[in-house]
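Enquirer: As you go down the protein sequences, you meet chains A and B in turn.
With our numbering applied, the first sequence covers 14 to 128.
With our numbering applied, the second sequence covers 5 to 120.
Check before you lean on any hint, since a few could be wrong.
Unchecked claim - Keeping only pairs whose Cα atoms sit at most 25 Å apart, straight-line, the calculated SDA-like set for lysine to any residue is:
(1) B:K117 / A:N51
(2) B:K117 / A:A101
(3) A:K28 / B:N45
(4) A:K28 / A:L73
(5) A:K91 / B:Q46
(6) A:K91 / A:V32
(7) A:K24 / B:Y43
(8) B:K53 / A:S40
(9) B:K53 / A:V18
(10) A:K75 / A:P94
(11) B:K53 / A:A15
(12) B:K62 / B:A21
Said to hold, decoys possible - Here are a few chain A residues that sit away from chain B, every Cβ distance over 12 Å (derived from the structure):
(13) W35
(14) D69
(15) R77
(16) S79
(17) L83
(18) D87
(19) S115
Please keep in mind that the hints were generated in silico from the structure rather than gathered at the bench.
Using N, Cα and C, we set each Cβ at its ideal position, and we do this for glycine too.
This is what each chain is made of:
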Amino acid sequence: EAGVVQSPRYKIIEKKQPVAFWCNPISGHNTLYWYRQNLGQGPELLIRYENEEAVDDSQLPKDRFSAERLKGVDSTLKIQPAELGDPAVYLCASSPPQGNGSPLHFGNGTRLTVT
Amino acid sequence: AQSVTQLGSHVSVSEGALVLLRCNYSSSVPPYLFWYVQYPNQGLQLLLKYTTGATLVKGINGFEAEFKKSETSFHLTKPSAHMSDAAEYFCAVSDAVTGGGNKLTFGTGTQLKVEL
Numbered sequence: 014e015a016g017v018v019q020s021p022r023y024k025i026i027e028k029k030q031p032v033a034f035w036c037n038p039i040s041g042h043n044t045l046y047w048y049r050q051n052l053g054q055g056p057e058l059l060i061r062y063e064n065e066e067a068v069d070d071s072q073l074p075k076d077r078f079s080a081e082r083l084k085g086v087d088s089t090l091k092i093q094p095a096e097l098g099d100p101a102v103y104l105c106a107s108s109p110p111q112g113n114g115s116p117l118h119f120g121n122g123t124r125l126t127v128t
Numbered sequence: 005a006q007s008v009t010q011l012g013s014h015v016s017v018s019e020g021a022l023v024l025l026r027c028n029y030s031s032s033v034p035p036y037l038f039w040y041v042q043y044p045n046q047g048l049q050l051l052l053k054y055t056t057g058a059t060l061v062k063g064i065n066g067f068e069a070e071f072k073k074s075e076t077s078f079h080l081t082k083p084s085a086h087m088s089d090a091a092e093y094f095c096a097v098s099d100a101v102t103g104g105g106n107k108l109t110f111g112t113g114t115q116l117k118v119e120l
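Please model the entire structure based on the sequences and the hints provided.
Expert: Have a look at this one:
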């Protein structure tokens with residue numbers, strides 16, 4: 014099966030500019046996650062979707078971050094405007110509708126650099 | 005809230021030696037536990053998971069982990085390290101969530117170095 018696809022792999026932008034990351038989950042996976050991984054740290058959850066509904070966005074900095082998952086498949090994570098504290102790897106993951114024991118399948122991430 | 009502690013941010017072993025990466029968890033309910041591996045510039049790949057049943061779990065690439073409830077531990081081991089095992093390893097615990105899916109909380113990771 015095809016894995017989780019993310020694009021772009023790398024993004025360099027100037028401070029105050031907007032940026033967007035795209036994710037295509039594994040077919041049939043109704044749960045989609047966005048994680049942020051700072052250098053030398055483990056991933057931290059930003060938002061979790063069940064189909065098209067954001068069911069957990071408590072860790073999403075809503076002043077500048079937004080996400081959408083139209084039609085319950087692909088998802089986009091946006092930062093507007095980007096700040097110097099935003100550089101990280103933004104990881105998308107998906108899991109099948111099989112309950113709490115289902116492992117997450119991760120994409121290769123988008124590495125963001127802000128100058 | 006559930007949490008994970010990985011002891012040792014860097015571990016170095018010789019090729020052929022035993023690999024032991026430590027993970028302790030905190031959970032108010034029976035946990036689901038996972039180990040992931042991350043190679044440079046890649047996403048996380050599942051090594052193994054514990055949900056219920058047998059406490060010794062075998063994963064890919066010769067790794068295994070043992071769930072010890074009394075010690076709240078889920079340490080990862082491999083009898084003989086290979087150069088290709090050099091990577092960063094993350095332990096994670098699953099929060100119970102409604103509606104399916106998982107909310108994984110990750111540890112800070114352990115960088116494994118394998119030397120000749």
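Enquirer: Now, for every hint given, state plainly whether the structure supports it.
Expert: These are the hints, each one checked on the structure:
no., hint, result
1, B:K117 / A:N51, "holds, 21 Å"
2, B:K117 / A:A101, "holds, 23 Å"
3, A:K28 / B:N45, "holds, 23 Å"
4, A:K28 / A:L73, "holds, 19 Å"
5, A:K91 / B:Q46, "holds, 21 Å"
6, A:K91 / A:V32, "holds, 6 Å"
7, A:K24 / B:Y43, "holds, 20 Å"
8, B:K53 / A:S40, "holds, 22 Å"
9, B:K53 / A:V18, "holds, 23 Å"
10, A:K75 / A:P94, "holds, 12 Å"
11, B:K53 / A:A15, "holds, 21 Å"
12, B:K62 / B:A21, "holds, 18 Å"
13, W35, "holds, 15 Å"
14, D69, "violated, 7 Å"
15, R77, "holds, 23 Å"
16, S79, "holds, 20 Å"
17, L83, "holds, 19 Å"
18, D87, "holds, 17 Å"
19, S115, "violated, 6 Å"
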